[in-house]
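Given chain A, put chain B in place with the hints provided.
Number of protein chains: 2
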Amino acid sequence: MAACTVYTTTKSLNTKCSISSPSKSHWGYFAQKQRLVIFRTRRRSSLCVITCGAVAGDHDQTVVIGLAADSGCGKSTFMRRLTSVFGGAAEPPKGGNPDSNTLISDTTTVICLDDYHSLDRNGRKEKGVTALDPRANNFDLMCEQVRALKDRIAVEKPIYNHVTGLLDPPELIKPPKILVIEGLHPMFDPRVRELLDFSIYLDISNEVKFAWKIQRDMAERGHSLESIKASIEARKPDFEAFIDPQKQYADAVIEVLPTQLIPDDNEGKILRVRLIQKEGVKHFSPAYLFDEGSTISWIPCGRKLTCSYPGSKFFYGPETYYGHEVSVVEMDGQFDKLDELIYVESHLSNLSTKFYGEVTQQMLQHADFPGSNNGTGLFQTIIGLKIRDLYEQIIASRARTPVGAAQA
Amino acid sequence: MAACTVYTTTKSLNTKCSISSPSKSHWGYFAQKQRLVIFRTRRRSSLCVITCGAVAGDHDQTVVIGLAADSGCGKSTFMRRLTSVFGGAAEPPKGGNPDSNTLISDTTTVICLDDYHSLDRNGRKEKGVTALDPRANNFDLMCEQVRALKDRIAVEKPIYNHVTGLLDPPELIKPPKILVIEGLHPMFDPRVRELLDFSIYLDISNEVKFAWKIQRDMAERGHSLESIKASIEARKPDFEAFIDPQKQYADAVIEVLPTQLIPDDNEGKILRVRLIQKEGVKHFSPAYLFDEGSTISWIPCGRKLTCSYPGSKFFYGPETYYGHEVSVVEMDGQFDKLDELIYVESHLSNLSTKFYGEVTQQMLQHADFPGSNNGTGLFQTIIGLKIRDLYEQIIASRARTPVGAAQA
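Protein chains in written order, with my numbering: chain A, 40 to 447; chain B, 40 to 447.
Only chain A is shown next, with the shape it has when bound in the complex (with noise of 0.2 Å):
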């Protein structure tokens, strides 16, 4: 459990763990836990050695979500359903700086990874970087501030000022229940993703994304359509090589693509969302519908219930994804009300709702968020009822076991 184990950052511009401003009560919360010393002293020599690990014992560890996507991908939705299934509504940290990225709730906090950005937009510009490239992001900070939340430590965290494109001084990070890292490169780093308890990867098709940039690029900020289709090719490469291969570390996949329901439909309005789920994780069974473990297609609008052109169309089925085994629920086209939902609800297992129809009320009480409508939202609702119930089996599992037997 307190194994150490050396790690070398990975394509890195911070070889030698340079940490980005951290302040003077950043290193005061570091110095509360002993064990911590070692790790300063081997900094002093200027090799980059990061512990790894839970530092303190299980017992009172912060469960640690990691949710990855390109921006403009419905992270921030994605965050409010979740902290809305935990009962509380998600705010910034109060008093602090207004461009703060950070999100917090009752139970649970969540940070941007933007805010590890260790070039500003400047520095970016002068090197000739985008943001998704590692060497524009501090892992070592990552992974230190991280852990140290893991392990109940507070933290000094940087702010990734969007609106300037500065760094900011830090905000102070208490150390929540529940720790969701959403951003870029949550899963890039070994020594990151080892610290996750549950990881997420948001999937969405270069067709509906251009869909999506046109709707609020153009529509919404008057940019033209060339400069849209510049900006979404100048990104690609740093996408498909830094970004992109996190999803085979995923424990869920939500993919979203253009719709089958209409022949070549590119507007990207009805979608096809798949939520790929890892067999095998700990604390997690995937939800499934009708019978598990066999393939099923279900079109739900028949006699029982007549839905509006193009209707909707379920699919589920084991598969096979970056050699892990999966389950996959799909749904393809959306809802027309809530007969359907529920409708829907009553035919999918395994859930983890604690009373039937949680899943619509959930989707109901936001249905003003995008995608409350379709897969996407329907999808995220169940990705967050997942993660209530692993937090919940976690702190479950942790109550039976003994502390000294955790810590032996």
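The reader is advised that the hints may include incorrect statements.
It does not matter which identical chain is meant; a pair holds if it fits inside one copy or across any two.
Under the rule of at most 27 Å between Cα atoms (straight-line distance), these lysine-lysine pairs were calculated in the DSS-like manner [what the hints assert, rightly or not]:
hint, residue 1, residue 2
1, Lys268, Lys252
2, Lys317, Lys352
3, Lys275, Lys352
4, Lys343, Lys321
Keep in mind the hints are simulated off the structure, nothing from the lab. Computed from a predicted structure; not experimentally measured.
Chain B alone, transformed into the frame defined by chain A:
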């Protein structure tokens, strides 16, 4: 209930209602019911006027089931499955003609409509008509006798001797609880059709029929491939003109097709079988898979159930069949062993079983019958259970209705 309609005999040689060999005792039984005097009076005037509909009160009517199919299509297996559902074995009438086509069990009597051939083998040869041609069949007598049996009057039914090709002296048929009329034309004549409480059509596709004929006539009887092809081709025009159109009237159709699991399979060993169930039929509520009224495809072979190649695939959904709304349950492939059958049964609903696993129990009991490992056996068994349920519903509804009310 006692209303009389005048029908003319369609496409029949016997437009003058000539009845082949009605014996004395036949008329004797008829004369037991006063109302039939009307009928006899009309007959005396030499008009083809046949009463139809029920004559006796509904309370003591026999339930009449029609089963249509070409010869060699598994009607007799189906009948054995059906009588088994009612708990008794079906046997030929004791002490009678050893070439009788009739099967009798405790509850059910199955008569073969070949017994209503008006032309024997020589007669058909002379006139140049096949047994499929209505002109070779006496629908007037068929109608009279089925109606009489429905009204619980015994009849002296002719026997067509399949060995000699001649019409043998009649045999006495007492009214059973359930009368099954099976053969080429149970739904051909509208007067007979009207007497049916439930009707089934066994629809074997040409490809499968051909594969079966080759297996039986070539392998077992030494016929040549050419002669088999010629005999099939010779039957085709009459089959398409007189037999096939009956399926539009059937309450349930069992369609047997080549598998789609093996590309271009023409062996006819692995079958795709579809149970087409008409909606809105009194006392008949279609079986379904998982979710009534929706469209589902299901491959049960997966993680929990491992099946050998090519596995099996199920489908369920609403369709339109000859302008009628129907529900279709489909099975492609075959069962390897018991586990699969009970597994499949447990996901089917509305099977009209009396206990969990009754379908599987029935199939196991007759594991040696053809089709016990595929959809033909499964759907024949389900239809057997549906007929038992229909019978019990009819009996129960009669018990609830006072006799006077039924005859008012």
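Taking the hints in turn, this is what the structure says about them:
1. For the identical chains of this complex, Lys268 and Lys252 are intra-copy neighbours only, at 9 Å inside a copy versus 64 Å across copies, given an alpha-carbon limit of 27 Å.
2. When the C-alpha separation of Lys317 and Lys352 is checked against a cutoff of 27 Å, the pair qualifies both within a copy, at 22 Å, and between copies, at 25 Å.
3. For the homomeric pair Lys275 and Lys352, neither the shortest alpha-carbon distance inside one copy (31 Å) nor that between copies (41 Å) is at most 27 Å.
4. With identical chains, the CA atoms of Lys343 and Lys321 are at most 27 Å apart between copies only, with a shortest distance of 20 Å across copies and 38 Å within one.
When each numbered hint is compared with the structure, a violation occurs for hint 3 only.
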